[in-house]
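**Student:** As a plain string of letters, each chain reads:
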Amino acid sequence: MLLRCRIPLSDFELDIDASFAARVTAIFGPSGSGKTTLLDAIAGLKEITAGEIEIEGKILFSSTRRINCSPQERGVGYVPQEGALFPHLSVRQNILFGARRNDAAGQTRAATLDHVVDVLEIRSLLDRPVTQLSGGESQRVALARAILCGPQLLLLDEPLAALDIGLKEKILPYLARVRDEFRLPIIYVTHNMTEVLTLADWVLMIRRGRLIAQGVPKELFHSTTAIASMDENEIENVFRVRMVESDRAGGRSKVRTEKGLELYIPYLQKLADPIFQVRLSADDILIGTQPLEGLSAGNIIPGKVRDIESLADQAVLTVEAGETFYVRLTPAAVARLQLRQESPVFLIIKARSFRLV
Amino acid sequence: MIFSLDTWQITLFTLAVGLASTVVILPFGIALAWLFARKEWPLKSAVETVVLLPLVMPPVSTGLILLKIFGRRSPLGQWLYNRGVEIVFNWKGVLIAMAVMSFPLLVRSVRTSFSEVNPRLEQIAATLGASGLRIFFVITVPLAYKGIVAGALLAFSRALGEFGATILLAGNIPRRTQTLSLAIFNFVQTGNDTDAYTLLGITVVLAFVFVWCSEWLLRSAKKT
Numbered sequence: 001m002l003l004r005c006r007i008p009l010s011d012f013e014l015d016i017d018a019s020f021a022a023r024v025t026a027i028f029g030p031s032g033s034g035k036t037t038l039l040d041a042i043a044g045l046k047e048i049t050a051g052e053i054e055i056e057g058k059i060l061f062s063s064t065r066r067i068n069c070s071p072q073e074r075g076v077g078y079v080p081q082e083g084a085l086f087p088h089l090s091v092r093q094n095i096l097f098g099a100r101r102n103d104a105a106g107q108t109r110a111a112t113l114d115h116v117v118d119v120l121e122i123r124s125l126l127d128r129p130v131t132q133l134s135g136g137e138s139q140r141v142a143l144a145r146a147i148l149c150g151p152q153l154l155l156l157d158e159p160l161a162a163l164d165i166g167l168k169e170k171i172l173p174y175l176a177r178v179r180d181e182f183r184l185p186i187i188y189v190t191h192n193m194t195e196v197l198t199l200a201d202w203v204l205m206i207r208r209g210r211l212i213a214q215g216v217p218k219e220l221f222h223s224t225t226a227i228a229s230m231d232e233n234e235i236e237n238v239f240r241v242r243m244v245e246s247d248r249a250g251g252r253s254k255v256r257t258e259k260g261l262e263l264y265i266p267y268l269q270k271l272a273d274p275i276f277q278v279r280l281s282a283d284d285i286l287i288g289t290q291p292l293e294g295l296s297a298g299n300i301i302p303g304k305v306r307d308i309e310s311l312a313d314q315a316v317l318t319v320e321a322g323e324t325f326y327v328r329l330t331p332a333a334v335a336r337l338q339l340r341q342e343s344p345v346f347l348i349i350k351a352r353s354f355r356l357v
Numbered sequence: 001m002i003f004s005l006d007t008w009q010i011t012l013f014t015l016a017v018g019l020a021s022t023v024v025i026l027p028f029g030i031a032l033a034w035l036f037a038r039k040e041w042p043l044k045s046a047v048e049t050v051v052l053l054p055l056v057m058p059p060v061s062t063g064l065i066l067l068k069i070f071g072r073r074s075p076l077g078q079w080l081y082n083r084g085v086e087i088v089f090n091w092k093g094v095l096i097a098m099a100v101m102s103f104p105l106l107v108r109s110v111r112t113s114f115s116e117v118n119p120r121l122e123q124i125a126a127t128l129g130a131s132g133l134r135i136f137f138v139i140t141v142p143l144a145y146k147g148i149v150a151g152a153l154l155a156f157s158r159a160l161g162e163f164g165a166t167i168l169l170a171g172n173i174p175r176r177t178q179t180l181s182l183a184i185f186n187f188v189q190t191g192n193d194t195d196a197y198t199l200l201g202i203t204v205v206l207a208f209v210f211v212w213c214s215e216w217l218l219r220s221a222k223k224t
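If you read the sequences in order, they're chains Z and W. FYI, the numbering for the first sequence is 1 to 357, going by this note's numbering. FYI, the numbering for the second sequence is 1 to 224, going by this note's numbering.
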């Protein structure tokens, strides 16, 4: 995929030049950085001053070759943040709205409808008016509608942003299923690091219209450039772990990370898949400089500060403690504890601060 | 003459020509309202102003302009006359006067209802492969239909009450071009108060029903 475009916006110019071949590419950046504009440009809904957009070998836009495919011709399925379901149509009518374009497949359409409906678990909603759907249901219906139009590329614009945390955790697996079942290239806009780490193979980080970094999410998020770009965003630590033991009476489970670090997390029943991901906000880690006793926290992990990234009103520490941890503190706390590179520290983490991805 | 044959004839004639004028202006009004609501084009504000002029100009002035355009001495009037089409002092003149006078109300109302349709829905429909016409008829119009119907009712009500432009273009000829308002004027002029009040009652009832329906539709459109 080739994404090269320049678009004037009200207070800055969106200027992106990227080439990537991942199945799921996340566009990651703070609000107002031009992420939605970029998706609109790919879908043909926003005028581009100059550039070139090529998806799966098909040129959608080229200012030099004077090619500008209409949104109808681009073959993209677009799920906007608000879902944008047609309020006067039923769920079935909504998801079949674009299926006419997919009718080249003729007889196979019904099977495709069945498949999509089953994967997203929306069969019971088919004859409901869309005005009666919850936020999570609306997003799944919007996703089904976009998939059924037979796209070459799926554009997802913060599909979880309008949902509360509980719903987000329910919808995220559906997105992973869409990725795995339909094997469509996906461009996924988000400002949430967990979503990037869970779903994407490649990430483009943009800020105020500029591409500041791109790469494999896990690697990119370990670089200081990545941290510096996140400012107001939530910073999270995500670990792939294997269940070691579960203590129901104690209300906690012991897990082991890929590097062998053992962590206590809230109690979990045995999962079908013993390997899973947990996340931990960088704001939920306390730092101590002395060995501490008599604490209620389940995890007290010794480590060393590898790096301190100072931003305007916050400091993000990279701590090596059997795994790499990001910890966000106030600059005052860093000064008070006299933290610097190589300072020995103890990470204090409550078991309940970990969440399942 | 309460509900005499003449009363019925005048009422039915006014309703029929009013309805015909509304039907004639509806497609043009909807198309223009959509262009105003959704597109940017050169001279748009000038055209908008011209369309709204009959709303603020004295109706008699509009009637005079129409008479100059369609009168037999004008090129258009002459051209039509040579093809056997007479506008002046004819029911067609009534229809044109009603259409021109009610057109701005229709356009304003429909334009507002189109503006209230979320353009994001139309954009998403385009990415799903829908043509411009399909988007218009399957997304935009159904979502704006209450405003369109309300606008049509308002235009129809305005057409029923039309007086100034009609009297100049079509005259006030009984059983030929006489509408409710022209007949009321005629009866008052000739001291026939009973007939005038009968027709007044009819116009009040008709106006109340149509305006009430129009307002109800606009209110329910806003709620949804």
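Keep in mind that the hints were calculated from the coordinates and are not lab data. No experiment lies behind these values; they were computed from the predicted model shown. Among these hints, one or two may not hold up.
[Stated by the list, open to error] Heads up, simulated BS3-like pairs for lysine-lysine below, C-alpha to C-alpha not over 27 Å straight-line:
| # | chain 1 | residue 1 | chain 2 | residue 2 |
| --- | --- | --- | --- | --- |
| 1 | Z | Lys304 | Z | Lys270 |
| 2 | Z | Lys46 | W | Lys92 |
| 3 | Z | Lys46 | Z | Lys58 |
| 4 | W | Lys44 | Z | Lys46 |
| 5 | Z | Lys350 | Z | Lys168 |
| 6 | Z | Lys254 | Z | Lys304 |
[To be verified] Facing chain Z, according to a computed beta carbon distance under 8 Å, are these residues of chain W, among others:
| # | residue |
| --- | --- |
| 7 | Val117 |
| 8 | Arg120 |
| 9 | Ile124 |
| 10 | Ala125 |
| 11 | Val141 |
| 12 | Gly201 |
| 13 | Val204 |
Ideal Cβ positions, reconstructed from N, Cα and C, are used throughout, including at glycine.
**Student:** Does the closest beta carbon of chain Z sit nearer than 8 Å to the beta carbon of Arg120 (chain W)?
**Tutor:** Nearest chain Z Cβ about 5 Å off; hint holds.
**Student:** Closer than 8 Å between Cβ atoms is the bar; does Val141 (chain W) clear it against chain Z? Give me holds or violated.
**Tutor:** Cβ of Val141 (chain W) sits 10 Å from chain Z, so the hint is violated.
**Student:** Holds or violated: Gly201 (chain W) as interface residue toward chain Z, Cβ cutoff 8 Å?
**Tutor:** 40 Å, violated
**Student:** Does the closest beta carbon of chain Z sit nearer than 8 Å to the beta carbon of Val204 (chain W)?
**Tutor:** Since the shortest Cβ distance to chain Z is 36 Å, the answer is violated.
**Student:** A closest beta-carbon separation below 8 Å is what the hint needs, so does Ile124 (chain W) meet it against chain Z?
**Tutor:** Because about 5 Å separates Ile124 (chain W) from the closest Cβ in chain Z, which is inside the 8 Å limit, the hint holds.
**Student:** Just to be careful, I want the Cα atoms of Lys350 (chain Z) and Lys168 (chain Z) compared with a cutoff of 27 Å; is the pair within it?
**Tutor:** Holds, at about 23 Å.
**Student:** Minimum Cβ distance from Ala125 (chain W) to chain Z below 8 Å?
**Tutor:** 7 Å, holds
**Student:** Holds or violated: Lys46 (chain Z) and Lys92 (chain W), Cα atoms, limit 27 Å.
**Tutor:** 47 Å, violated
**Student:** Assess, step by step, whether the Cα of Lys254 (chain Z) is no farther than 27 Å from the Cα of Lys304 (chain Z), and give holds or violated.
**Tutor:** Distance ~23 Å between Lys254 (chain Z) and Lys304 (chain Z) Cα, so the pair holds.
**Student:** When the nearest CB of chain Z is found for Val117 (chain W), is that gap smaller than 8 Å?
**Tutor:** Status violated, d = 10 Å.
**Student:** For Lys304 (chain Z) and Lys270 (chain Z), compute the direct alpha-carbon distance and say whether it is at most 27 Å.
**Tutor:** It is violated: about 33 Å lies between the C-alpha atoms, which goes past 27 Å.
**Student:** For the pair we were handed, Lys44 (chain W) and Lys46 (chain Z), check the Cα-Cα distance against 27 Å.
**Tutor:** Holds, at roughly 22 Å.
Consistency with the previously given hints fails for numbers 1, 2, 7, 11, 12 and 13, ordered from lowest to highest.
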